[in-house]
Amino acid sequence: MFDLLNIAIDSAINSGAKYSDARILVSKSRSIAAKNGEVENFNESEKVGLGIRALVGSSWGFYSTYDLSRESLILSGKKAFEIAKASSVVSGEETPFTHAPVVKDEYTTPHQENPFKVSTTEQIDLIVDSTEQMKKLGSSRSFGRLDFWDTEKWFCSSQGHEIFQNIIESGGGISSLSVGDGETQIRSYPQSFGEYRTGGWEVVKSFEFKNHTERLAEESQRLLVAPHCPEGTMDLILEGSQLALQIHESVGHAVELDRILGWEAAYAGTSHLELDKLNKHKYGSELMNIVADATLPGALATFKYDDEGTPAQRVDIVKEGIWTGVLSGRDSAAIAGVNPGGMVRADGFGRLPMVRMTNVGLLPGESSLEEIIDSTENGIYMETNRSWSIDDLRLNFQFGCEVGWIIKNGNVTEMVKNPTYTGITPEFWRNMDMLANKDEWIFWGTPNCGKGQPSQIGHTGHPASPARFKNTRIGVRG
Amino acid sequence: MKIWTELLNNLQEKIPSSVECELKMMHSKSALTRFANSQIHQNVDEESADMYLTMHKDGKTLSRSYNLTAVKNSKEFIEEALESLKESPEDNTWAGLTNKTESHDGYQEIQEVNPDERANLVKDFVNEGKEMNAAGYCSTYLNNLFIWNTNGLNSSDTSESAFIDGIFRTDTSAGSSHRGAVDIKDLNASRTGKEAAKLALDSQNPTDIDPGKYEVILGHEAVSTILIFLSVYGFNAKSKIDGMSPLLIGENQFDEKITLIDTPEDEDSIGFKIDATGAKKHNLEVIKNGIPKTYFHTRRTSKELDMENTQHELLGWGHNFGGIATNLNLNTGHTSHDDMISGVKRGIYINEFWYCRVLDPITQVVTGLNRNGSFLIEDGKITKPIGRLRFTQSFITSLGQGNVISVGNTSRYADSEFGEGMLKVPELHLKEFNFTGGVSG
Chain A
32 MFDLLNIAID SAINSGAKYS DARILVSKSR SIAAKNGEVE NFNESEKVGL GIRALVGSSW
92 GFYSTYDLSR ESLILSGKKA FEIAKASSVV SGEETPFTHA PVVKDEYTTP HQENPFKVST
152 TEQIDLIVDS TEQMKKLGSS RSFGRLDFWD TEKWFCSSQG HEIFQNIIES GGGISSLSVG
212 DGETQIRSYP QSFGEYRTGG WEVVKSFEFK NHTERLAEES QRLLVAPHCP EGTMDLILEG
272 SQLALQIHES VGHAVELDRI LGWEAAYAGT SHLELDKLNK HKYGSELMNI VADATLPGAL
332 ATFKYDDEGT PAQRVDIVKE GIWTGVLSGR DSAAIAGVNP GGMVRADGFG RLPMVRMTNV
392 GLLPGESSLE EIIDSTENGI YMETNRSWSI DDLRLNFQFG CEVGWIIKNG NVTEMVKNPT
452 YTGITPEFWR NMDMLANKDE WIFWGTPNCG KGQPSQIGHT GHPASPARFK NTRIGVRG
Chain B
2 MKIWTELLNN LQEKIPSSVE CELKMMHSKS ALTRFANSQI HQNVDEESAD MYLTMHKDGK
62 TLSRSYNLTA VKNSKEFIEE ALESLKESPE DNTWAGLTNK TESHDGYQEI QEVNPDERAN
122 LVKDFVNEGK EMNAAGYCST YLNNLFIWNT NGLNSSDTSE SAFIDGIFRT DTSAGSSHRG
182 AVDIKDLNAS RTGKEAAKLA LDSQNPTDID PGKYEVILGH EAVSTILIFL SVYGFNAKSK
242 IDGMSPLLIG ENQFDEKITL IDTPEDEDSI GFKIDATGAK KHNLEVIKNG IPKTYFHTRR
302 TSKELDMENT QHELLGWGHN FGGIATNLNL NTGHTSHDDM ISGVKRGIYI NEFWYCRVLD
362 PITQVVTGLN RNGSFLIEDG KITKPIGRLR FTQSFITSLG QGNVISVGNT SRYADSEFGE
422 GMLKVPELHL KEFNFTGGVS G
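The listed protein sequences correspond, in order, to chains A and B.
With our numbering applied, the first sequence covers 32 to 509.
With our numbering applied, the second sequence covers 2 to 442.
Worth double-checking, as some hints may not be accurate.
Claimed, not checked - Straight-line distance between alpha carbons at most 27 Å, and here's what the computed BS3-like set of lysine-lysine pairs gives:
#1 B:K3 with A:K109
#2 A:K241 with B:K61
#3 B:K3 with A:K148
#4 B:K87 with A:K59
#5 B:K199 with B:K131
#6 A:K135 with A:K49
#7 B:K76 with B:K101
#8 B:K199 with A:K148
#9 B:K30 with A:K109
#10 B:K199 with A:K167
#11 B:K87 with A:K148
#12 A:K59 with B:K304
#13 B:K15 with B:K61
#14 B:K124 with A:K109
#15 A:K166 with B:K61
#16 A:K59 with B:K199
#17 A:K59 with B:K124
#18 B:K3 with B:K87
#19 B:K432 with B:K289
#20 B:K289 with A:K59
#21 A:K241 with A:K350
#22 B:K101 with A:K236
What the hints assert, rightly or not - Stretches of chain B that chain A covers, calculated by requiring three or more beta carbons in the stretch to come under 8 Å of a beta carbon on chain A:
#23 25-39
#24 68-77
#25 258-267
#26 285-293
#27 316-323
#28 404-412
To be verified - Stretch-level coverage of chain B by chain A, calculated; a stretch enters the list once three of its residues show a Cβ under 8 Å from a Cβ in chain A:
#29 132-141
#30 238-246
#31 383-394
#32 429-439
Note that these hints are calculated values from the structure, not bench results.
Even for Gly, the Cβ is constructed at its ideal location relative to N, Cα and C.
With the hints as extra help, turn the sequences into a complete structure.
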């Protein structure tokens, strides 16, 4: 494969590109969706192709094709150059590009059982049985899904990189939906839209779906008759998976350097952060320590090299409440004057690599969830995301959760439905006053992060444990 | 197309007559020229050839997708698929294959657009606001769809489309505009840029206003987002099956000024004239004078609900997604933009929504924000630009009886939260819209 890649790269360089790199991917996926004790969809997919990019002046040119014949590879290199050159009609200053050490290496995700070698019957039975149990226990509809990805990726650059990686990802989830009079209520496990990690079939087995079906079915039905979440301002305790999404939306996207530089302004937006505030801006309370760590074993965004050949690494993003780092690639880092973070990845061979969150997580604190609840006089504990929305500066957010639990004088008193909370990013994070410890720290994964034009779906990780936020506005309703 | 003919010839004869089989191929050339900070920074071009195989026998269904390169040996490919079919799960909602009589021959040889044409349109856009910061894209798509099945159906179609989409930013504001067309030559990038530039300049130094219930005039993109949410979460028959659709077919659920039609047969409609089963799509009344008339069906949902198939099956989305209309057209009314503004005592104009998410599908309560051009209207005049507001509002109620004051007299393709080119809509003047938060949360 490296020989094929170098044919395309040589073609781009010989055409006049100042730099070129290329990837060939063999991407396999398996997806199983179940409903009410039956398979609803079962699909397997395999795609093979090349993506090559060429840097000419101020623009990247990118071309991708399924055709790996020699003629096609030569044409691909030429096209990548010509596409970049066409940008000169509306050009700017030449794009700088930080040097990365030339690496020849290979890496495979550590795993016990390759999910594509496990019998589909075993996988189907697991998810179908879970939905059947919930249906029998009174769910109006019960849903389950499993997804597996096996991506073989060969990367070469005009600087001499030759890297092979085999990334294996697995996960899924189950949900119980109860339909009432003009309303629906849902409970999901391990989190809404499923939980995903790098690893094999053992990841899914560790979820032990069957131990959670009864609780989900019962809670989704109980929510129909539960009172509404009250409106007001009180202490908010977030369960880990909801806090993971809060990190994703209000920190992860905000610290993407391409957004800060305006490259995503038309679609995903920019950021409330400006580079001159790096190492000065107070992002949150002193309990807030956020790192982007692509080396965490088992987390969803763990790899050895990014799609520019930069080694995976751990970067401090927020340290004791102060903004200290960004998510960057070789071009954006050169412009901003920081070290490239190894955070550039693409959604398959057909997309241009771009800045992507790795495992952007909140380091654990000292408390336990029990201690946090015990010390809360008037608050609410919210679990499992149901809706999420944030402005294009990543400041004004509103989240809805599947369930809320009212806390009075350190005791959980009642379940409430349709809980929502809203806030402004720095104020919210500055109000974090308690954080659960490493015993409750989970590597939550988000498999559906949309960004870029053409649209790309990214897999990102967000380690988190539950935390408390003082004086939060809750209970916004339509 | 040669690669389809070769693929079909290689695979067709290896499929046993006892198996129901559907084979599809989508060949695409898509390209997107992206600009930011008033320069082109990313310029991409992709050629893909994806194949979709469905086999059904003895109550079991196999569903796979590959690209051409992944199919290394056609004999082994079919033999392996037939073996896997035996191990596939029971499929109780199988609804059969489309009949031979539905075959449609729409394939055309069309020349792809070159990157210089896109770059020149970007230049035209950027030139309309040289003193501001421009960002956006110009994209072109050329798609060829081929569908064959063991019922003897052999359908094909070709679709091309082009879009220009961009914003201008000042230190305190942004303004956006969008256009779509079948042919790139029908895009007027200068006019699009001019609209975005005016919105950005007019929006400078916005004032924050208190949240609350306001009369609103919604621009094309904001209207488009409301309708795409109703389409995906309401009219999709899968939502009905799952108990989550808010729609009441045949009842006076919307204001009588709302008439929505799906128009795949129209000459200027973007997209394929056939659905993902190979059957020809037809124009369809979706809402007539406020009364919802139909759900969007696939083969499976129409069988499960015992309703007529409306040919809204999409390629590559899996049959658990359901059906979506791709050519929705909200009928125009008689009110001009200026007359809408002059009819407002105190209200808000919103160009587009951002990051909308459903709180509960059955009530269609959605939260989101405004961006890229929002203004306070007082005594029939736009008086000042306003800052960010968060709304939490049922999209069903927003178009409910008595809440639609008027419908604009011009419509165009508009972007929505879910993408480009699916809806053609006018502006709407609504009596009440619920804003629940401002810039301070």
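So, against the hints stated earlier in the document, which numbers end up violated here? Violated: hints 3, 8, 10, 12, 16, 17, 18, 20, 21, 22, 25, 26, 28.
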